[in-house]
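Protein chains: 2
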Amino acid sequence: MSLFKEITELDKLLHEPSRLAIMTALSNCESADFIFLQRLTGMSKGNLSSHLSKLEEANLVEIQKSFVGKIPNTNVSLTKEGLKAINEHWEKLEELRNGSKTWKPEHETKAL
Amino acid sequence: MSLFKEITELDKLLHEPSRLAIMTALSNCESADFIFLQRLTGMSKGNLSSHLSKLEEANLVEIQKSFVGKIPNTNVSLTKEGLKAINEHWEKLEELRNGSKTWKPEHETKAL
DNA sequence: GAAAATGGTTTGCAATGCAAACTAGTAGTT
DNA sequence: AACTACTAGTTTGCATTGCAAACCATTTTC
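Top to bottom, those sequences are chains R and C.
Going by my numbering, the letters in the first sequence line up with residues 1 to 112, in that order.
Going by my numbering, the letters in the second sequence line up with residues 1 to 112, in that order.
Keep in mind that a hint or two might mislead.
The list makes no distinction among identical chains, and a pair is therefore deemed to hold if it is satisfied within one copy or across any two copies.
As the list claims (entries may be wrong) - List time: in silico DSSO-like cross-link candidates among lysine-lysine, alpha-carbon distance up to 30 Å:
#, residue 1, residue 2
1, LYS5, LYS45
2, LYS84, LYS12
3, LYS5, LYS65
4, LYS65, LYS84
5, LYS70, LYS92
6, LYS12, LYS80
7, LYS101, LYS65
8, LYS101, LYS45
9, LYS101, LYS54
10, LYS92, LYS80
11, LYS101, LYS80
12, LYS54, LYS84
13, LYS12, LYS70
14, LYS65, LYS54
15, LYS65, LYS45
16, LYS5, LYS54
17, LYS80, LYS45
18, LYS101, LYS70
If you are wondering where the hints come from, they were derived from the structure by calculation, not from laboratory data.
Work out the full structure, taking the sequences as your base and the hints as a guide.
This is the structure we're talking about:
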């Protein structure tokens, strides 16, 4: 029972599909740039920009702005906190999925 | 690459934490009543009610209203469509998680 | 040097999650 | 029989958020 209560407290910052994709991708590389993330997720620039800002504000990613030649480049990487958060998030999801197989129906609820 | 694009197209109806919990729970029993789902998820009645309505409108769950003695009872079960949808959703999530381990970083992106 | 492309950010709107307020009926209690 | 409290939900309204269109600054192309 308690397992399920936790899922509704899932960090929405991480759970939102686009950000989940971004964070998951970043958890498997050292860093990735804006354009790469855009192609990866298929998001519009504006959308991606605002999602990254949110992740940055929450201290889940670090954003390094620089110039590659004369072109601005935005490079994103997970913070320690961010890496921990995304890993824990996936664990929680796994628990939800597996937990549902073992909970016991009660009173009016009919078991399978 | 294409894998990630798909994740941003995740059905938000299913992905929202509360509904994900509801649907996952229902996928493992024949049916469950309103109060049970409320305790399971820890949601307020109002919130649960509106989520269930959404799932019903999308034809993912079936809602049977009846009286148990003199007390109204709302019983919820997955439709065939709903069962298929929640199973496919979990598969997509799994693909996202596993897929991220195999994608190849490109150009400016630095590999781990 | 005008037009189009690159690499983003800001703005504004439509949609959504959430709880407070409400509805409708039941159960005690005095 | 009138009043209070509880059960089982639904509706309403607000604050938040995801999203793309519009915008900005620079660079490349024709």
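Hint check results:
no.	hint	verdict
1	LYS5 / LYS45	between (35 Å within a copy, 14 Å between copies)
2	LYS84 / LYS12	both (15 Å within a copy, 25 Å between copies)
3	LYS5 / LYS65	between (40 Å within a copy, 25 Å between copies)
4	LYS65 / LYS84	within (24 Å within a copy, 44 Å between copies)
5	LYS70 / LYS92	neither (43 Å within a copy, 39 Å between copies)
6	LYS12 / LYS80	both (19 Å within a copy, 28 Å between copies)
7	LYS101 / LYS65	between (46 Å within a copy, 26 Å between copies)
8	LYS101 / LYS45	between (40 Å within a copy, 24 Å between copies)
9	LYS101 / LYS54	between (34 Å within a copy, 24 Å between copies)
10	LYS92 / LYS80	both (18 Å within a copy, 26 Å between copies)
11	LYS101 / LYS80	between (33 Å within a copy, 18 Å between copies)
12	LYS54 / LYS84	within (17 Å within a copy, 33 Å between copies)
13	LYS12 / LYS70	neither (37 Å within a copy, 40 Å between copies)
14	LYS65 / LYS54	within (16 Å within a copy, 42 Å between copies)
15	LYS65 / LYS45	within (16 Å within a copy, 46 Å between copies)
16	LYS5 / LYS54	both (25 Å within a copy, 20 Å between copies)
17	LYS80 / LYS45	within (26 Å within a copy, 38 Å between copies)
18	LYS101 / LYS70	neither (55 Å within a copy, 32 Å between copies)
Comparing the model with each numbered hint stated earlier shows that hints 5, 13 and 18 do not hold.
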